[in-house]
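Model the placement of chain B on the given structure of chain A, informed by the hints.
Just so you know, the protein sequences line up as chains A and B, in that order. Going by my numbering, the first residue of the first sequence is number 1, and it counts up by one from there. Going by my numbering, the first residue of the second sequence is number 1, and it counts up by one from there.
Don't read these hints as lab results, they were simulated from the structure. Since we're looking at a predicted model, the values are computed, not measured. There may be inaccurate statements among the hints.
[As the list claims (entries may be wrong)] DSS-like mimics (lysine-lysine), calculated; alpha carbons at most 30 Å apart, straight line:
hint : chain 1 : residue 1 : chain 2 : residue 2
1    : B       : K55       : B       : K13
2    : B       : K3        : B       : K71
3    : A       : K106      : B       : K3
4    : B       : K3        : B       : K53
5    : A       : K1        : B       : K53
6    : B       : K53       : B       : K18
7    : A       : K1        : A       : K53
8    : B       : K57       : B       : K3
9    : A       : K106      : A       : K1
10   : B       : K18       : B       : K57
11   : B       : K18       : B       : K55
12   : B       : K57       : A       : K1
13   : A       : K103      : B       : K57
14   : B       : K57       : A       : K54
15   : B       : K55       : A       : K1
16   : B       : K53       : B       : K13
17   : A       : K106      : B       : K53
18   : B       : K53       : B       : K71
19   : A       : K53       : A       : K103
20   : A       : K55       : B       : K71
21   : A       : K55       : A       : K103
22   : A       : K68       : A       : K54
23   : A       : K103      : A       : K68
24   : A       : K1        : A       : K103
25   : B       : K13       : B       : K57
26   : A       : K68       : B       : K57
27   : A       : K1        : B       : K71
28   : B       : K55       : A       : K103
29   : A       : K106      : B       : K57
30   : A       : K53       : B       : K57
31   : B       : K3        : B       : K70
32   : B       : K70       : B       : K18
33   : B       : K3        : A       : K53
34   : A       : K106      : A       : K54
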Amino acid sequence: KNEVEQSPQNLTAQEGEFITINCSYSVGISALHWLQQHPGGGIVSLFMLSSGKKKHGRLIATINIQEKHSSLHITASHPRDSAVYICAASDSGAGSYQLTFGKGTKLSVIP
Amino acid sequence: DVKVTQSSRYLVKRTGEKVFLECVQDMDHENMFWYRQDPGLGLRLIYFSYDVKMKEKGDIPEGYSVSREKKERFSLILESASTNQTSMYLCASSLLAGGSYNEQFFGPGTRLTVL
Numbered sequence: 001k002n003e004v005e006q007s008p009q010n011l012t013a014q015e016g017e018f019i020t021i022n023c024s025y026s027v028g029i030s031a032l033h034w035l036q037q038h039p040g041g042g043i044v045s046l047f048m049l050s051s052g053k054k055k056h057g058r059l060i061a062t063i064n065i066q067e068k069h070s071s072l073h074i075t076a077s078h079p080r081d082s083a084v085y086i087c088a089a090s091d092s093g094a095g096s097y098q099l100t101f102g103k104g105t106k107l108s109v110i111p
Numbered sequence: 001d002v003k004v005t006q007s008s009r010y011l012v013k014r015t016g017e018k019v020f021l022e023c024v025q026d027m028d029h030e031n032m033f034w035y036r037q038d039p040g041l042g043l044r045l046i047y048f049s050y051d052v053k054m055k056e057k058g059d060i061p062e063g064y065s066v067s068r069e070k071k072e073r074f075s076l077i078l079e080s081a082s083t084n085q086t087s088m089y090l091c092a093s094s095l096l097a098g099g100s101y102n103e104q105f106f107g108p109g110t111r112l113t114v115l
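The shape of chain A in the complex, shown without the other chains:
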């Protein structure tokens, strides 16, 4: 079973700062997911990637398959980015549709 570790657990940043959240996993995967959860509960998918890099607005996700590591970057952070960010790994193998989740990184962006 895959083990997914995130760091840091908590992160406080000033508005405008560049933010990096890290995720590492223990065994090969077919895809790595980054999820966002705002206070109140609902989780939304930000990225799903299996190689390279993806960008959406101020958010950038990268993955290094050889090193089993992914990062989520937020440029020009804003208070509305305050949320819990969760990475999750899709195990490789046909018919494998479960995700293994990290424990999340709580981000607070201060004006």
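Relative to chain A, chain B alone:
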């Protein structure tokens, strides 16, 4: 857009009560999942279902059961609620295809308190 809805946002029950949490998705997804989320522990899989009437235990099935009589609906049942089942419960759904195509879509969550 995929929509996953859950029957309640907040629920308060008493110890020993039977509790039903309902989840409905409108995108004809084959897979449905029930998770609980607790501070410091992250999301943990309780049960999942890949087809009507099919179910598989997740990591923490004890004290829970599930029902999937229709493709769009997946119910989580607490047969006799206990205080250690106080938690946030999240439902999700995804297409059947495995591997890199299994993006999961989450409901808003139900915060259950058992007194």
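Hints violated by the structure (listed by number, smallest first): Of the numbered hints, 14, 17, 20, 30 do not hold.
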